[in-house]
Amino acid sequence: MTLLDIVLFLPLAGFLLLMLLPKQSSRMAALVISTAVFIVSLGLLMPYWFQYPSGHTFTTDLPWISYPPIRYHVALDGLSLWLVLLSTLLTPIAALVSWNYIDHRVKEFYAFLLLLEFGLIGVFVAMDLFLFYVFWEVSLVPMYFLIGIWGHERRIYAAVKFFLFTMAGSVLMLGAIIFLYNRTGTFDYGQIQGMIQTGSLVFDPRTELLLFLAFFAAFAIKVPLFPLHTWLPDAHVEAPTAGSLMLASVMLKMGTYGLVRFCLPLFPEAAHRCAPWIAGLAIIGIIYGALVALVQPNMKKLVAYSSVSHLGFVVLGIFSFTQQGLDGAVYQMLNHGISTGALFILVGYLYERRHSLEISAYGGVATPAPKLAIIFLITTLASIGLPTLNNFVGEYLVLQGTASANFGWAVFAALGVIFSACYMLWLYQRAFFGKASESLSHHMPDLTAREWAAITPLLILMVWMGSFAQSFLPSISVQNAAILDQTKKLRVERVAIPARQTVEVSRAR
Amino acid sequence: MPVNFLPTNVDYARFLPELILTLAGTLIMFLEALRPEGKKSHAGLFAIVALVMALPAALLATPGPAFQGMLVIDGMATFFRTLVIVVGLLVVFSSTDYLRREKQDTGEYYALVLFSIVGQCVMVTANELVMIFIGLEISSIASYILAGYLRDDARNNEAALKYFLLGSFATAFLLYGVAWMYGATGSTNLTEIRRSLISGAAPPEALIGVAAALIFVGLAFKISAAPFQGWAPDVYQGAPAPVSAFLTVGPKAAAFAVLLRIFMGSLEPIASRWAPAIWVCALATMVVGNFAAIMQSNIKRLLAYSSIAHAGYVLVAVAANSGTGSAAAMFYLAAYAFTNIGAFAVVTYFSRKGERYVGIDDFAGLAQRQPGMAAMLTIFLLSLIGVPLTGGFFGKFYIFKAALDAKLVWLTVIGLLNSAVAAYYYLRILVVMYMREPGESVEKLPPAGALLQIAVYGSAAGTLLLGIFPSLVLDFANRAALR
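In order, the protein sequence lines correspond to chains E and Z.
The opening residue of the first sequence carries number 91 in the numbering used here; numbering runs sequentially from there.
The opening residue of the second sequence carries number 908 in the numbering used here; numbering runs sequentially from there.
If you are wondering where the hints come from, they were derived from the structure by calculation, not from laboratory data.
Do not take every clue at face value.
Stated by the list, open to error - Listing some non-contacts, in silico: residues in chain Z with all C-beta distances to chain E over 10 Å:
1. A968
2. R1008
3. N1063
4. W1138
5. S1179
6. K1260
7. R1263
8. A1274
9. Q1275
10. R1276
11. P1295
12. D1312
13. S1378
As the list claims (entries may be wrong) - Selected chain Z positions facing chain E (in silico; Cβ < 8 Å):
14. L1289
15. L1323
16. A1330
17. Y1331
Glycine is no exception: its CB is placed at the ideal position from the N, C-alpha and C atoms.
Assemble the whole structure, with the sequences as input and the hints as a guide.
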């Protein structure tokens, strides 16, 4: 048993414990448990502190089901490390922001929150395709309840839509996983990938394309990529603050993580073939998301559409097949988790005070609540991509990588950065500047200690990740280099072999 | 010569579970006749004891033929015999409260359940078409009566009548098929039929084809496969809730066992002829079941259509026509048994006297009044959807794996998409339970009786156990699988 197993199963134990504890103590218990998980999870950093191992750490590989051979195989690498930490950091924050917001069926709420954490961590560390699918589905159920029970008016519609969209994608992925197993006799990610690397497992192009698309459909819905994004605004608007926070910050990363982890290394040929199309969709998503965000009267919807736009960058970076692009994409996953998470928290703060998500209900908030206004400003600037704040690093790397792959893509994608400044600053101006109405001033107390506690870690990270990217990037880069290597080497070999043959044939003549 | 036909002790030992259950059933009938008016019946307890005794007898039966090869105890027989006995136990547990509530707490009910299980045990052990027919009749006649057990209830009467008329019609098809099969191959023994099919002088394919088709129609009716599913919703909706639980699981599992034995066993040499028919049938069953279920507002009817859809998934495994396919079908039936009995047990609990509350909307706010029961129903529904860590998920997984092994790619894709569609209507129940405010129907909800709780929690434990440690049952199924 490694530290990773403890981090993975602590939330599950917490979930069970919460079921047994009396109702009154569930808030505190959930906060204590999730904070403990976070503190324990910091121990995962040890092998990555000032050194950048490229392989897996904290591996546990135990048989689970004898036939078909499904193993409990979890491990950590430079890619999953940060996503695990993001999940463990945001869960206590989600517990904090729900402190007063969730006032009915409190025990169930926190129980589902911990179950969600279990599923999310599991998705990021599973090294067995089957185990990955199990966690993928397990994380779906608590989020469905979080939206459906504690959401706003149209919560049921949003929850069902969310569930069905994800389910439709993931059954196709399940089909592809079974197909892979039938071809290889194993569910182990490392083994399958090794077979592909050594050439002992070769698909004909059509099969590879179909398998790639089956995985891609599941991930693209989760990301969400442009034509499949319609569930996201609904889910975000209707979810409670903690739900939006976990959904935007961690759950969407399941999709992008899947793309990097599975789609690229397992099906490199198909990934290269589809890259232009996917990049096209990503760019449409960037611009479309930004334009729709521009005209939203509802704050949460605005942030939701900005997510569509930001995640377009991530997908674009991934399918640029360049080191910088991929580094930027992974870094941007974390950035988006931090800054969009913070935005949702702040919108939640506003909602708790005024009980409205309409921008028009606000105006002049800066006068009664200057501290809230400053925090919101910093977060807004981070989201826009101001240098020294986190998003800048990710967006810059993505654009640089994309530009070296295809300059045209980078030009269009860069429009998204400009638009993001428009919609965010305009939002800020409408909500915080101007003259505060009488009723607004009365209902707008400044931040409380609990609210400070929830937002401060994110603010620190925004500055840290923006100014000292070197603390994070090298371990990510090492992993990305390995993944890129896996996609490239194959390409070269496959192109090279027929070329040599033709030469020989011509000589013989 | 006549000496050879006398059964030996070995024969009786292999037949022990049926003997125990028959004896117990008969005894219950006797005691019931002698019971003074107004005295409480202990038949339920008696039935439980009999089933608990039959369980080890079924599990530990030595493999081999019995009664001159009329019956055969092999892995598959043991698997299904154990399954139907466990099903019987859970059904008895979930029935007691119900019968007491309806003031029909008489012993005949339990005797009929036991007889029906005897019939199913005979079906799954039979190696003989005539024995299959006898088993089917024992099982069916008992279940016709069970479906109409509350004789003053109009819906019960309708269910029983419909079930009886259509059921006997289907049995006639089966019997006609048996006759054709005998005519074509000169034997009703399944091993003999297979031998004659692979022998040099194989009977004409047209004859075998007609026989196989007729037998399939008879069995397809019992498993409610499209296009022979029309009776199922009415019967499952009309019958008493615990009986519906039994009908969706017990007779179905037995009929599937027969289907596997006849088609994957005896008729395997002509698999290329029947496999396409089952392919079509599986597809139609999944689609009809799932799309019709979307429209339902009555939870019993919804579960009835869902049961049709699930028969479709199992047919996918049959269409795969392989060892893994038959193991997958067996695992699925076991997982489905726990799940569905559990779901019906919660419905039994919730519906209250006269089954007043069976609308889906009646479940509004159940989670706030009875969180335990709501959580259990959630587990069952998630298992029906096929969410990991429940038995239903591994069942689906093994079935689609077997189907892909057999290169049934399109059937797999359509099946998987079907299960996404199915998620919609199961989710509706979850939505109502957890996300609506409690209404009149959940007020004054008495806590569940102890026996019913055993049924619900036992089924939930089974569902989760099959979902977390599927090897327990799957290894058994794999060893027991045909071929």
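Do the hints match the structure? See the list:
1. A968: Holds: least Cβ distance 25 Å, greater than 10 Å.
2. R1008: It holds; Z:R1008 is separated from chain E by about 30 Å at its closest Cβ, greater than 10 Å.
3. N1063: Since the minimum Cβ distance to chain E is about 35 Å, Z:N1063 lies beyond 10 Å and the statement holds.
4. W1138: Holds, because the least Cβ-Cβ distance between Z:W1138 and chain E comes to about 30 Å, which exceeds 10 Å.
5. S1179: Fine: 21 Å to the nearest Cβ keeps Z:S1179 off the interface.
6. K1260: The claim stands: Z:K1260 keeps its Cβ more than 10 Å from every Cβ of chain E (closest is about 30 Å).
7. R1263: The claim holds: Z:R1263 sits with its nearest Cβ about 25 Å from chain E, beyond 10 Å.
8. A1274: 8 Å, violated
9. Q1275: 7 Å, violated
10. R1276: Consistent with the label, Z:R1276 stays out of reach of chain E, its closest Cβ about 12 Å off (over 10 Å).
11. P1295: 4 Å, violated
12. D1312: 6 Å, violated
13. S1378: 5 Å, violated
14. L1289: Holds, about 7 Å.
15. L1323: At about 4 Å, which falls below the 8 Å cut-off, the nearest Cβ of chain E leaves the hint on Z:L1323 intact, so it holds.
16. A1330: Where the cut-off is 8 Å and the nearest Cβ of chain E is about 5 Å from Z:A1330, the hint holds.
17. Y1331: Because about 6 Å separates Z:Y1331 from the closest Cβ in chain E, which is inside the 8 Å limit, the hint holds.
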